Amino acid sequence: MGTLESATLPRELAIVEMITDPDAVARYAALTADFNPIHLDPDFAAKTSFGRPIVHGTLGLNLVIEAIERTFGGVPEKLALDTRFVRPLPVGSSIRAGGVLREGAAGTYDIFVETMAGERAVEGTCTVIPAAEHCSKGRDA
Amino acid sequence: MSGAQTDLPVWVFDDFNPGQPLGNFAITLDDAHLDNWTAIYGDRPSSENVPAGMLVAAMMEAYLNAIQPRPPGNIHASQKLVFGRSAKAGDKLEAQVSCLSKERRKERGWVTFGVVLSVEGQDVLNGEIRTIWAR
Numbered sequence: 001m002g003t004l005e006s007a008t009l010p011r012e013l014a015i016v017e018m019i020t021d022p023d024a025v026a027r028y029a030a031l032t033a034d035f036n037p038i039h040l041d042p043d044f045a046a047k048t049s050f051g052r053p054i055v056h057g058t059l060g061l062n063l064v065i066e067a068i069e070r071t072f073g074g075v076p077e078k079l080a081l082d083t084r085f086v087r088p089l090p091v092g093s094s095i096r097a098g099g100v101l102r103e104g105a106a107g108t109y110d111i112f113v114e115t116m117a118g119e120r121a122v123e124g125t126c127t128v129i130p131a132a133e134h135c136s137k138g139r140d141a
Numbered sequence: 001m002s003g004a005q006t007d008l009p010v011w012v013f014d015d016f017n018p019g020q021p022l023g024n025f026a027i028t029l030d031d032a033h034l035d036n037w038t039a040i041y042g043d044r045p046s047s048e049n050v051p052a053g054m055l056v057a058a059m060m061e062a063y064l065n066a067i068q069p070r071p072p073g074n075i076h077a078s079q080k081l082v083f084g085r086s087a088k089a090g091d092k093l094e095a096q097v098s099c100l101s102k103e104r105r106k107e108r109g110w111v112t113f114g115v116v117l118s119v120e121g122q123d124v125l126n127g128e129i130r131t132i133w134a135r
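As they're listed, the protein sequences go chains A and B. Note that the working numbering has the first sequence beginning at 1, numbered continuously upward. Note that the working numbering has the second sequence beginning at 1, numbered continuously upward.
So here's chain B without its partners, still in its complex pose:
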């Protein structure tokens, strides 16, 4: 994945350190999020809880916000998810993004990022994004 055009230097493999915080973000599950979700995945039975996949989308939004700009050619290789309590429409998610680990294997740089989403201090999603970093 490549990031938006900015004047900031591109994040490279050597910039990451395990345990490094990469930013905190607030994401509100507002009507725009819900409308986009419904346009993609369709209507669903009425529920006070948002679809759990919306939390995955929010996790990606937080991750992409945290690391800008990215070099072209990154690969999202694998993904771990652990869900906690439910979230509701209008909830404000607090997202914490960090670098969990990195290693070089077969001349490729592997970086794993953690994203924890919570509402009012309770975890709703804990995600591990494992990437092959292009530079």
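Isolated chain A (complex conformation):
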């Protein structure tokens, strides 16, 4: 994990895209041991308020982390994310993730996961440079 300087930060994170097809969702269920039928069983999901299977929230969130890693060539030291899951994604959605450097907030990006139609599923911030007060505590504080 490398250290970054505010002046060198790109204005936007690399956009990363994926299709959340049933195979990807089944693989994510195996990866996390989360076999909730709301993600995997169309008949079960049809009886819920969602009406169809939905993607695990962190499956989409991880796409933002992929965008961060591709932008910076790895995870910046002390990377911090604060995100909300604002809308469920139906399985099969094509999604993209990225972020834009926030004006006046050194090292903070507004990050998102959204459908190709621009419907946000995840919103929040990531901070790639810790605030000064955190830096002053030292690495092992």
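No lab work stands behind these hints: they were computed from the structure. What you are looking at is a predicted structure, and each value in this text was computed from that prediction instead of being measured. Some clues are possibly wrong.
Cross-link-like lysine-lysine pairs, in silico, DSBU-like; alpha carbons within 35 Å at most [said to hold, decoys possible]:
| hint | chain 1 | residue 1 | chain 2 | residue 2 |
| --- | --- | --- | --- | --- |
| 1 | A | Lys-47 | B | Lys-80 |
| 2 | B | Lys-88 | A | Lys-47 |
| 3 | B | Lys-92 | A | Lys-78 |
| 4 | A | Lys-78 | B | Lys-102 |
| 5 | A | Lys-47 | B | Lys-102 |
| 6 | B | Lys-88 | A | Lys-78 |
| 7 | A | Lys-47 | B | Lys-92 |
| 8 | B | Lys-80 | B | Lys-106 |
With chain A's structure known, arrange chain B on it following the hints.
Chain B alone, transformed into the frame defined by chain A:
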């Protein structure tokens, strides 16, 4: 999220107490984890470090293992993550799961769980999972 079918009672809002430890788990970043990750997110440039998102998946695995069974209808509302040192393929993650806080707001029960992942005593990820608990 609902848990697997077990004979254990379902975790309900009143069962949680801030500061309560909910379990320690070991998760090895083995070939099965790596294969699943690659099948979902694709190949990536060669690196000795695993993708950071694999740690998020491991955090969820630990959380879901710790709290079984869960009532149907829970909502994963928000997520905080702070990454520490990198992890490598084959590393054994030690996961500590706890209840950080809970509150009732507008007749909904909000519970925040903490998951700390470490390798050989060094933190790799500190996660806060904020949920709306269904019962």
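For each hint, the structure was consulted:
Distance hint between A/Lys-47 and B/Lys-80 is fulfilled; the C-alpha atoms sit about 31 Å from each other, no more than 35 Å. Annotation: proposed proximity of B/Lys-88 to A/Lys-47 is violated, straight-line Cα distance about 41 Å (limit 35 Å). The hinted pair formed by B/Lys-92 and A/Lys-78 meets the criterion: a straight-line CA distance of about 21 Å does not exceed 35 Å. Restraint check for A/Lys-78 and B/Lys-102: satisfied, since their Cα atoms lie roughly 27 Å apart, inside the 35 Å limit.
At roughly 30 Å between alpha-carbon atoms, A/Lys-47 and B/Lys-102 fall within 35 Å of each other, so this suggested pair holds. Our distance criterion of 35 Å between C-alpha atoms is met by B/Lys-88 and A/Lys-78, whose separation comes to about 17 Å. Restraint check: the Cα-Cα separation between A/Lys-47 and B/Lys-92 comes to about 39 Å, which exceeds 35 Å; the hinted pair is violated. For the suggested pair B/Lys-80 and B/Lys-106, the alpha carbons sit about 23 Å apart, so the restraint of at most 35 Å is met.
When the structure is compared with the earlier hints, violations turn up for hints 2 and 7 and for no others.
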